[in-house]
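Novice: Based on the hints, put chain B in the right spot on chain A.
Protein chains: 2
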Amino acid sequence: MPDVQIIDVSPRDGLQNEQVIVSSEKKRMLIEMLVKSNIRKIEATSFVHPLKVPQMADAEQVLKLCEELSEIELVALIPNLKGFQRAKQTKISEINWVTAATETFNYKNIGMSIEDNFAQFKQLVQESRTLNITICFSIAVSFGCPYEGKVSPVKVISLVERAIEAGANRIGIADTIGIATPKQVKELLTEVLHIAKSIPIAIHLHDTRGMGLANAYAALEAGVKIFETSASGIGGCPFAPGAAGNLATEDLVYMFERMGVKTGIDFEKLLDAADFAASLTSNRSLGRIRQVEKKRGSFG
Amino acid sequence: MPDVQIIDVSPRDGLQNEQVIVSSEKKRMLIEMLVKSNIRKIEATSFVHPLKVPQMADAEQVLKLCEELSEIELVALIPNLKGFQRAKQTKISEINWVTAATETFNYKNIGMSIEDNFAQFKQLVQESRTLNITICFSIAVSFGCPYEGKVSPVKVISLVERAIEAGANRIGIADTIGIATPKQVKELLTEVLHIAKSIPIAIHLHDTRGMGLANAYAALEAGVKIFETSASGIGGCPFAPGAAGNLATEDLVYMFERMGVKTGIDFEKLLDAADFAASLTSNRSLGRIRQVEKKRGSFG
Chain A
1 MPDVQIIDVS PRDGLQNEQV IVSSEKKRML IEMLVKSNIR KIEATSFVHP
51 LKVPQMADAE QVLKLCEELS EIELVALIPN LKGFQRAKQT KISEINWVTA
101 ATETFNYKNI GMSIEDNFAQ FKQLVQESRT LNITICFSIA VSFGCPYEGK
151 VSPVKVISLV ERAIEAGANR IGIADTIGIA TPKQVKELLT EVLHIAKSIP
201 IAIHLHDTRG MGLANAYAAL EAGVKIFETS ASGIGGCPFA PGAAGNLATE
251 DLVYMFERMG VKTGIDFEKL LDAADFAASL TSNRSLGRIR QVEKKRGSFG
Chain B
1 MPDVQIIDVS PRDGLQNEQV IVSSEKKRML IEMLVKSNIR KIEATSFVHP
51 LKVPQMADAE QVLKLCEELS EIELVALIPN LKGFQRAKQT KISEINWVTA
101 ATETFNYKNI GMSIEDNFAQ FKQLVQESRT LNITICFSIA VSFGCPYEGK
151 VSPVKVISLV ERAIEAGANR IGIADTIGIA TPKQVKELLT EVLHIAKSIP
201 IAIHLHDTRG MGLANAYAAL EAGVKIFETS ASGIGGCPFA PGAAGNLATE
251 DLVYMFERMG VKTGIDFEKL LDAADFAASL TSNRSLGRIR QVEKKRGSFG
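Chains as they are written, first to last, in full-length UniProt numbering: chain A, 1 to 300; chain B, 1 to 300.
Simulated from the structure, these hints should not be mistaken for lab results. Be aware that one or more of the hints could be misleading.
Repeated chains share a single entry, so a pair holds when one copy, or any two copies, can fit it.
[As the list claims (entries may be wrong)] Listed next, the in silico PhoX-like pairs over lysine-lysine satisfying Cα-Cα at most 20 Å (straight line):
| no. | residue 1 | residue 2 |
| --- | --- | --- |
| 1 | Lys197 | Lys52 |
| 2 | Lys41 | Lys269 |
| 3 | Lys262 | Lys150 |
| 4 | Lys262 | Lys183 |
| 5 | Lys183 | Lys225 |
Same shape as in the complex, but just chain A (with noise of 0.2 Å):
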């Protein structure tokens, strides 16, 4: 059994920045050279409407060509209402809500207030319980925002609070725009897990200024043991300004094997996966360790 586990986001926060359309087919690639590596969890798409990320405008087709993969759990990203009406219609078994710790950030986000989105989340809880999806719920910007700067803690762990109340199978806390320090993430992540000991706790990071692999060895010594990456380190919110990419899945699972704690991912098939996700994107990709040379080499 693995020590943590590592849910790749490539495919949905990797790709949804991407100017050029991905083929619902290469998408279906990457999910399934990921699966190859032994990702067992991929967020795979993301129901927001089409005219506002067209790069998810095939969130049903990308689903529909995954039918066939076999040990892998996908996750799609909801941002409101209307797009889990879309999602309870495919085959979907797990949908990742999003509410941002920030007013501002919320509204250039997802075009609403915190309270309607979470109004709107509360609507969903039952119905997804009903159809057997699990439901996690994640808290963008819990570190600080594009747009309003610092994030008191107290408004993250309050929506921790009320999102468990509400029903949520599990809490994701975003680092958005890759601003987080280590010191904040000990600090709050020590908080909700003390919080939420009864349902599990993620993590989402991005490596926008080099400190994605700080904050995941904080959250790990904070006892977080789910990680949210992207292969290659591709990605960015294209609602944040300045957000570069994700930290790269290769990178965390570089560091967390030499450190002994077991992912249960093949590093040469997830550094397959990454160079693939790179071929999709213009993003420069941020993954160090596909830099390094002899990176297959031994020592290591």
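Specialist: Positioned in the frame of chain A, the structure of chain B alone reads:
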């Protein structure tokens, strides 16, 4: 008073791998810009054989040009007794002696065995004291060697004990090839600090695999107060295949200041120095903060 001390090594470790010779005047300009950013200790040059590292052939000239700079301590790297003979003819007040944790790396780097190297070190201690020169003893490849792979902490600890016994005024633990994990850093530095109660301990970090800031955070958690980094992350050891840049000074300062750890450094002026450092090299700059949009903005 700052909480930590940052020693910038860009004029030495940053430039030594550069094929195009940088003029002594430009090296002096870099040092001056670092001083303006309030960095108070700088590894300025190396008294290595000019045929081995032609970029450092002007060691005496660089130190001479820097004599008028005030409020600054300059350090020179010394690989052997011949280097010390040269150094003591200058006004240098601090030397950094380097011994590797593995025999193979020591041969490749210094051209002799660890024992011969250590015997030379012992010979210069008394004379250094008489000349009022502070002696740092640095241990290269303390976390992993490009030739021998894993490095036993026992070897490093043994060298630390012997160097203290011999009279070193400071110990430097170097991750020469950027292979250390935060777990290794925390474990080894905790032990080193425990042994070396009486004298200061520095950590020298590279960012080859993106773990530089994670390792800095782990070192800070272990109690380390002195960090060796390079403006703009320029650098890499000519005798360590695959070693990319040093950890960027500005990335470390950014993380520490945002964590409330005072560095005493003027960030704006440091970015100017980093831009200049990058302009001197053909190395891809690794500093992440310099790449972030609105890097000099108000947030953080």
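Novice: Cα distance capped at 20 Å. Does lysine 41 pair with lysine 269 within a copy, between copies, both, or neither?
Specialist: Within one copy only: 16 Å inside, 45 Å across.
Novice: Since the copies are identical, ignore which copy is meant and state whether lysine 262 and lysine 183 lie within 20 Å (CA to CA) inside a copy, between copies, both or neither.
Specialist: Close across copies (14 Å), not inside one copy (24 Å); limit 20 Å.
Novice: How would you label the pair lysine 197, lysine 52 (within, between, both, or neither) given a Cα cut-off of 20 Å?
Specialist: neither (36 Å within a copy, 59 Å between copies)
Novice: Measure nothing new, just compare the shortest in-copy and cross-copy C-alpha distances for lysine 183 and lysine 225 to 20 Å and report within, between, both or neither.
Specialist: both (18 Å within a copy, 16 Å between copies)
Novice: Can you tell me if lysine 262 and lysine 150 fall within 20 Å by alpha carbon in one copy, between copies, both or neither?
Specialist: between (34 Å within a copy, 19 Å between copies)
Hint 1 alone, counting from the list given before, is not met by this structure.
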